[in-house]
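Enquirer: Those sequence lines, one after another, are chains A, B and C. Sequential numbering of the first sequence, starting at 1, is according to this note's numbering. Sequential numbering of the second sequence, starting at 1, is according to this note's numbering. Sequential numbering of the third sequence, starting at 1, is according to this note's numbering.
Among these hints, one or two may not hold up.
[To be verified] Listed next, the in silico EDC-like pairs over lysine to aspartate or glutamate satisfying Cα-Cα at most 20 Å (straight line): (1) A:Lys80 <-> A:Glu68; (2) A:Lys59 <-> A:Asp72; (3) C:Lys352 <-> C:Asp249; (4) B:Lys103 <-> C:Asp323; (5) A:Lys231 <-> B:Asp75; (6) B:Lys103 <-> A:Glu68; (7) C:Lys500 <-> C:Asp390; (8) A:Lys59 <-> C:Asp249; (9) B:Lys103 <-> C:Asp249; (10) B:Lys42 <-> A:Glu68; (11) A:Lys205 <-> B:Asp75.
Hints are computed from structural coordinates only; laboratory data are not their basis.
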Amino acid sequence: MSATAVEPTMAGGESHDAHGHHYTSTGLDNRKIAIWAFIGSECMLFVSLISTYLIYKGKSRVGPYPHEAWTDPATGETFKAILNIPVTSFSTFVLLMSSLAMVLAHNAVVNRHVKRTTFLARLEGNSFFWLMSTAVLGIVFLMCQAYEFTSFVHEGLGLTTNLFSSSFFVLTGFHGAHVTAGVLWLFTLASIDKTRGLTPAEELKIDLCALYWHFVDVVWIAIFVLLYLIK
Amino acid sequence: MAHDTDAAHDEHGHHPTAKTYLWTALFLTIVTIVEISAYYIKPWEQSAIYVPSMIFMSAVKFAVVCAVYMHLKYDNKLFRNLFVGPLAIAIVTCVGLLFLFGKVAINLGSGA
Amino acid sequence: MATTVAPPIYAPAAASASTYGEKTGVWSWITTTDHKRIGVLYLFTSLFFFIFGGLEAAVIRAQLAAPNQSLVSAELYNQLFTMHGTTMVFLAIMPLSAAFFNFLIPLQIGARDVAFPRLNAFSYWVYLLGGIFITLPIFAGLAPNGGWFGYAPLTTMAYNPGLNIDFWVLGLQILGISSLAAGFNFITTIINMRAPGMHLMRMPMFTWASFVVQFLVVLAFPVITVALVFLQFDRFFGTNFYTLTAGADPLLWQHLFWIFGHPEVYILILPAFGLVSEVLPTFSRKPLFGYAVMVYSGILIGFLGFGVWAHHMFSVGMGPIADTVFSLTTMLIAIPTGVKIFNWMSTMWGGKLTFTTSMCFSIGLVAMFTIGGLSGVTHASPPTDLQQTDTYYVVAHFHYVLFGGSIMGIFAGIYHYFPKMFGRLMNETLGKWHFWINMIGMNLTFGPMHLSGLLGMPRRIYTYDANQGWDLFNMMSSIGTAIIIVATLIFLYNFFTSLKSGPRAGRDPWGASTLEWSIPSPPPEYNFAVLPNVTSRYPLWDVTDGHDLSREHHEGHENRDDRVPTSRELGIPMPANTFKPVMAALGLCTMLGGMTLKHVNDVAFYVVVGGGATMLVVSLYAWLTSPLEESH
Chain A
1 MSATAVEPTM
11 AGGESHDAHG
21 HHYTSTGLDN
31 RKIAIWAFIG
41 SECMLFVSLI
51 STYLIYKGKS
61 RVGPYPHEAW
71 TDPATGETFK
81 AILNIPVTSF
91 STFVLLMSSL
101 AMVLAHNAVV
111 NRHVKRTTFL
121 ARLEGNSFFW
131 LMSTAVLGIV
141 FLMCQAYEFT
151 SFVHEGLGLT
161 TNLFSSSFFV
171 LTGFHGAHVT
181 AGVLWLFTLA
191 SIDKTRGLTP
201 AEELKIDLCA
211 LYWHFVDVVW
221 IAIFVLLYLI
231 K
Chain B
1 MAHDTDAAHD
11 EHGHHPTAKT
21 YLWTALFLTI
31 VTIVEISAYY
41 IKPWEQSAIY
51 VPSMIFMSAV
61 KFAVVCAVYM
71 HLKYDNKLFR
81 NLFVGPLAIA
91 IVTCVGLLFL
101 FGKVAINLGS
111 GA
Chain C
1 MATTVAPPIY
11 APAAASASTY
21 GEKTGVWSWI
31 TTTDHKRIGV
41 LYLFTSLFFF
51 IFGGLEAAVI
61 RAQLAAPNQS
71 LVSAELYNQL
81 FTMHGTTMVF
91 LAIMPLSAAF
101 FNFLIPLQIG
111 ARDVAFPRLN
121 AFSYWVYLLG
131 GIFITLPIFA
141 GLAPNGGWFG
151 YAPLTTMAYN
161 PGLNIDFWVL
171 GLQILGISSL
181 AAGFNFITTI
191 INMRAPGMHL
201 MRMPMFTWAS
211 FVVQFLVVLA
221 FPVITVALVF
231 LQFDRFFGTN
241 FYTLTAGADP
251 LLWQHLFWIF
261 GHPEVYILIL
271 PAFGLVSEVL
281 PTFSRKPLFG
291 YAVMVYSGIL
301 IGFLGFGVWA
311 HHMFSVGMGP
321 IADTVFSLTT
331 MLIAIPTGVK
341 IFNWMSTMWG
351 GKLTFTTSMC
361 FSIGLVAMFT
371 IGGLSGVTHA
381 SPPTDLQQTD
391 TYYVVAHFHY
401 VLFGGSIMGI
411 FAGIYHYFPK
421 MFGRLMNETL
431 GKWHFWINMI
441 GMNLTFGPMH
451 LSGLLGMPRR
461 IYTYDANQGW
471 DLFNMMSSIG
481 TAIIIVATLI
491 FLYNFFTSLK
501 SGPRAGRDPW
511 GASTLEWSIP
521 SPPPEYNFAV
531 LPNVTSRYPL
541 WDVTDGHDLS
551 REHHEGHENR
561 DDRVPTSREL
571 GIPMPANTFK
581 PVMAALGLCT
591 MLGGMTLKHV
601 NDVAFYVVVG
611 GGATMLVVSL
621 YAWLTSPLEE
631 SH
């Protein structure tokens with residue numbers, strides 16, 4: 001490698017290696033770039049699911065329907081509009097608050113060095129509390145979803161009932177699976193934080209989970225309006 | 001890879017404070033409440049602006065969460081590009097599909 | 001395996017520094033995280049599948065050689081053309097490209113490995129297991145039989161009740177995960193692992209092409225995953241996504257599939273374009289003509305690639321507006337592609353050409369792809385497309401693009417980079433034989449298909465009556481296939497004998513210009529002893545002392561048995577070998593593959609899927625909580 005154009009450089013190569021660091025061209029962490037690329041990819045996943053739901057909206061041949069009551073012409077049985085806006089509004093609010101808790105968990109780890117005296121300040125710096133809150137709020141959201149799913153089934157809307165139910169259950173089920181994975185991730189981080197305490201240098205560990213969690217939240221923001229509120 | 005380089009730390013230097021996060025949450029909550037109320041206010045819900053206004057409000061919420069909670073407003077521009085590029089393709093694809101299936105007019109109209 | 005025994009800074013080293021670093025033996029290949037070894041694994045596996053898919057095509061052509069033959073049944077014929085397409089797209093061309101992504105990208109950008117070495121190993125093992133999963137059923141006559149595009153509702157339970165489609169639905173999901181994981185990995189690698197001075201606009205064209213391809217992969221594969229999940233739910237749990245009696249739209253699958261399918265076309269061709277863009281300047285002794293335009297046209301192809309999908313569906317009747325829009329975007333996308341063709345020709349124009357085998361294949365790509373591209377433009381127009389759709393004309397078109405384009409480019413890449421991968425040169429005489437016989441065979445096979453197609457011969461028919469004007473053309477195509485087989489046998493002979501006894505190659509046997517040629521062949525496991533500082537697009541040509549540092553300079557040097565120091569001696573920390581990605585891949589494939597048991601036995605279904613899922617989660621935890629790196 002005697003080429004003049006390929007000179008070794010102390011700045012770029014050796015000095016970093018000497019410290020066991022990896023040189024990166026942007027100075028950013030690989031994992032953060034990867035998770036953003038992953039989130040970009042997830043956009044296409046959810047858009048495909050949401051598009052399918054919208055395409056099939058109003059195309060179901062039999063009820064129950066999301067926003068209108070339906071009478072079965074064969075049996076004369078009447079089904080009310082199936083979506084439960086109050087419950088979903090509550091779970092939407094819960095997910096929103098979980099995002100707040102998530103971002104406060106990140107904030108707490110980043111500002112580990114801040115001296116905290118008052119109760120509120122100590123609460124603000126308690127990353128374990130915020131991680132657990134996020135996870136618990138996520139579980140509350142999942143429980144709302146489980147309640148919603150079971151009540152739908154009781155009211156006569158199973159997975160295979162009609163186009164609406166198929167696209168609805170698969171879309172919200174996919175989202176729920178993402179929430180579940182996020183909850184597992186949060187519990188893992190919380191247990192690490194409990195056992196040895198995450199340091200500001202490990203801020204990225206929380207950041208990655210937070211980005212994922214907020215993304216799952218913004219997907220719900222879209223779903224809530226497109227599925228639940230717009231008839 | 002397990003270590004942030006100095007440059008990356010600088011990027012995180014000016015993250016917003018907890019106060020900003022709380023105000024953001026308040027804002028998001030208020031918009032959500034407006035959205036849900038709109039659903040129950042018949043004149044609004046049945047007007048032609050209902051669907052556009054709902055989409056607009058959720059887009060604002062979407063953008064605020066991405067900008068503040070996901071730090072896109074403060075972080076390296078690279079992340080913004082990595083997200084906005086795919087998101088744009090995704091939205092255009094969605095609109096294209098809705099058009100192809102004859103859905104756009106219905107969805108932007110007074111509700112099917 | 002010696003992974004979590006953290007303290008030693010360096011990976012355990014055997015005494016001799018051989019081909020790929022210090023580790024030898026089968027186990028070291030199974031547990032490897034070295035991008036070069038993974039690239040080689042990809043190369044061998046995908047060559048195997050390429051041969052397998054080729055044999056499937058050979059049976060198809062034997063069946064169609066003359067009218068009214070019954071060499072295979074109609075059912076087996078369906079399986080053959082489905083698996084030929086699926087194998088060539090997902091198991092041969094994509095992973096052949098992946099072999100080059102793995103081997104070349106870190107070398108070309110001056111990195112020591114990819115961003116996530118273990119994820120890289122995971123991608124390979126998922127690909128291998130998924131490939132086996134989707135290929136094996138053909139031996140039991142249970143192979144997928146719905147075409148590589150698997151149009152629903154024809155692939156739903158109502159019309160296709162066997163296990164065949166289940167293998168396809170699950171196999172493609174497995175392979176999609178492999179591609180997605182690799183996509184995130186390479187995006188990160190290219191953004192973040194470039195050597196100092198390697199600005200984006202100094203990156204070699206192959207790396208640029210790969211960069212665009214990775215974005216296509218991560219944006220296109222989620223869409224087909226969703227389409228496949230719908231189909232899987234329809235088949236396994238009775239949902240209604242493709243059930244027409246429930247009001248489903250038969251076009252849903254087609255749209256979702258082609259939103260994936262058209263970017264997929266560029267996923268298949270752009271890496272070959274990239275390889276050719278490395279070979280042509282090298283053997284023209286000229287920089288690539290219009291580098292920046294090549295980059296921008298590649299990006300433009302990537303973007304436009306998402307806006308043309310419905311031109312695969314003109315015959316379904318989408319209405320005049322949609323037809324017009326997609327017709328126009330399709331014609332538009334021909335422009336950046338044409339720009340590339342002209343840039344390659346301008347690169348050669350006035351150059352000092354050397355006709356090595358890789359150069360021949362590259363020129364072959366330029367010529368053959370132009371033919372395929374032009375026939376492609378003919379079906380950008382809906383009225384003509386209505387005449388051509390579902391005929392052999394389309395088969396001719398995409399084989400000129402994929403065989404004349406992708407495969408020729410990949411062969412160019414194999415001949416060009418063989419010395420870098422294995423430290424030995426391939427035989428040039430045999431290479432020329434391979435090229436010319438392949439060229440003749442290819443044109444004899446696919447050229448007449450234009451005519452049989454225009455004369456009305458439909459695709460996917462297992463036999464046909466005599467005297468419809470197709471007999472001669474079919475016979476020609478079948479003879480052409482036999483000639484391609486001869487060419488491929490010559491290639492295989494050349495490949496394996498050169499591997500053992502080819503002449504030693506120096507660092508830069510071709511006098512090429514990019515970073516990968518500045519290091520020994522094969523490269524040591526750490527690639528670059530010191531990260532290079534790049535100051536131009538053609539670092540090895542850009543010498544100020546007027547001294548040719550490439551061929552003569554290094555050849556003797558290498559042959560004098562100059563030992564390449566190990567990473568341990570240089571104090572370079574390298575990722576240790578690990579078995580965890582293999583376990584995770586095995587768990588994932590057991591979980592997804594085991595779902596086929598749903599239609600066989602419920603208990604077995606839950607046991608296998610649950611077992612696979614547990615294995616996946618446990619090995620993921622073990623993987624993510626152990627330090628990737630030996631050091632730190």
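Enquirer: Could you work out which earlier hints the structure fails to respect and list their numbers in ascending sequence?
Expert: As far as the earlier hints go, 3, 5, 7 are violated by this structure, in ascending order.
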